[in-house]
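Peer 1: Sequence:
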Amino acid sequence: MQVQVHRQGAVAYAVIDDFFDPREYASVKKELLDIRRFADAPDTTDTAKTANGILIKQGLGVFLDDLYRSNRNKSDILTHSAKLFNHDLVSSLAEKESSFLHLIRSTSDSTLVNYYSDGGYYDIHHDTTTLTAVWFDAIKNVIGGDFIFPAYQINIKSVPNRMVVFHGCIQHGATPVAASDGAYRVSVAKFIGDIVTGK
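Numbering (this note's numbering), first residue to last: 6 to 204.
Rather than coming from a laboratory, the hints here were simulated on the basis of the structure. All figures in this text were calculated on a predicted structure; none of them were measured in a lab. All residues carry an ideal CB built from backbone N, CA and C; glycine is no exception. Just to be clear, a hint being listed does not mean it is correct.
Label-pair distances were calculated between CB atoms; the ranges are [what the hints assert, rightly or not]:
1) Thr84 - Pro165: 16 to 24 Å
2) Arg77 - Leu38: 15 to 23 Å
3) Asn146 - Ile61: 19 to 27 Å
4) Ser103 - Asn146: 36 to 44 Å
5) His11 - Ile109: 16 to 24 Å
6) Leu106 - Tyr157: 20 to 28 Å
7) Thr133 - Arg74: 19 to 27 Å
8) Asp71 - Gly14: 31 to 39 Å
9) Ile61 - Ser115: 12 to 20 Å
10) Gln13 - Glu100: 12 to 20 Å
Below, in silico cross-link-like pairs of lysine-lysine (BS3-like), each with a Cα-Cα straight-line distance of 25 Å or less [said to hold, decoys possible]:
11) Lys145 - Lys34
12) Lys35 - Lys145
13) Lys34 - Lys79
14) Lys88 - Lys35
15) Lys162 - Lys35
16) Lys145 - Lys162
Let the sequences and hints guide you as you build the complete structure.
Peer 2: Shown next, in the form of structure tokens:
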């Protein structure tokens, strides 16, 4: 795992390459293939609409919390991605940006898997979360699908097994994907919130 924390103007974000180790990565990829049949159109996920109900995503999605319900431990994606909340990882992030301490103080998270075929994108939006973490991967040959903070002209390449962690209030999006037949880009978004406060 390779961790970098960046700051550009008012934006701080972390880029974690090789987030899953080889064994975890293989099991996560298998699950992503297995559960794709459960993914629904963007109008079924409220996260893909503006307040006016306008769709801002072209792609399929499935909330793992709904899919697994009380059997979260059956998901390798949920199990292995929980290391995002590991104290040592959070400490290394917080050395450069103290607000990443929210990762170990959060009391809730939800996880959305998105699948983008040729032409798929997620338009500019912000999340109603304290922090959001987005992990990228691709099945077969995919070009594009980069992660962007447009107001700050930040473009982060969509590299397989890369995770970006940032403040959900910052506007962000995913550029359109160009994919060959049967190919698609995948993202796993963890929405993190409900921070415990001291009394």
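Peer 1: With reference to the structure, classify each hint as holding or not holding.
Peer 2: The hints, checked one at a time:
For Thr84 and Pro165, the Cβ-Cβ distance of about 20 Å falls inside the hinted range of 16 to 24 Å, so the restraint holds. Under the hint 15 to 23 Å, the C-beta atoms of Arg77 and Leu38, about 19 Å apart, fit the expected range. Asn146 and Ile61 have their C-beta atoms about 26 Å apart, which keeps the hinted 19 to 27 Å range intact. In this structure, Ser103 and Asn146 meet the distance hint of 36 to 44 Å, their C-beta atoms being roughly 40 Å apart.
Checked against the given bound of 16 to 24 Å, the beta carbons of His11 and Ile109, roughly 21 Å apart, stay inside it. Judged by the Cβ atoms, the range 20 to 28 Å given for Leu106 and Tyr157 holds: they are separated by roughly 23 Å. Between Thr133 and Arg74 the C-beta distance comes to about 22 Å, which sits within the given range of 19 to 27 Å. Between Asp71 and Gly14 the Cβ separation comes to about 37 Å, which falls inside the hinted range of 31 to 39 Å.
Our hint of 12 to 20 Å for Ile61 and Ser115 holds, since their Cβ atoms are close to 18 Å apart. Restraint check, Gln13 to Glu100: a C-beta distance of roughly 18 Å satisfies the suggested window 12 to 20 Å. Straight-line distance between C-alpha atoms of Lys145 and Lys34 comes to about 12 Å, which keeps the hinted pair within the 25 Å bound. As the CA atoms of Lys35 and Lys145 are separated by approximately 14 Å, the hinted pair is consistent with the 25 Å bound.
For the proposed pair Lys34 and Lys79, the alpha carbon gap of about 15 Å is at most 25 Å, so the pair holds. With a CA separation close to 19 Å, the supplied pair Lys88 and Lys35 stays within the 25 Å bound. Between Lys162 and Lys35 the CA atoms are separated by roughly 23 Å; this keeps the pair inside 25 Å, and the hint holds. Between Lys145 and Lys162, the direct Cα distance comes to roughly 17 Å. Compliance with the 25 Å bound is thereby established for this hinted pair.
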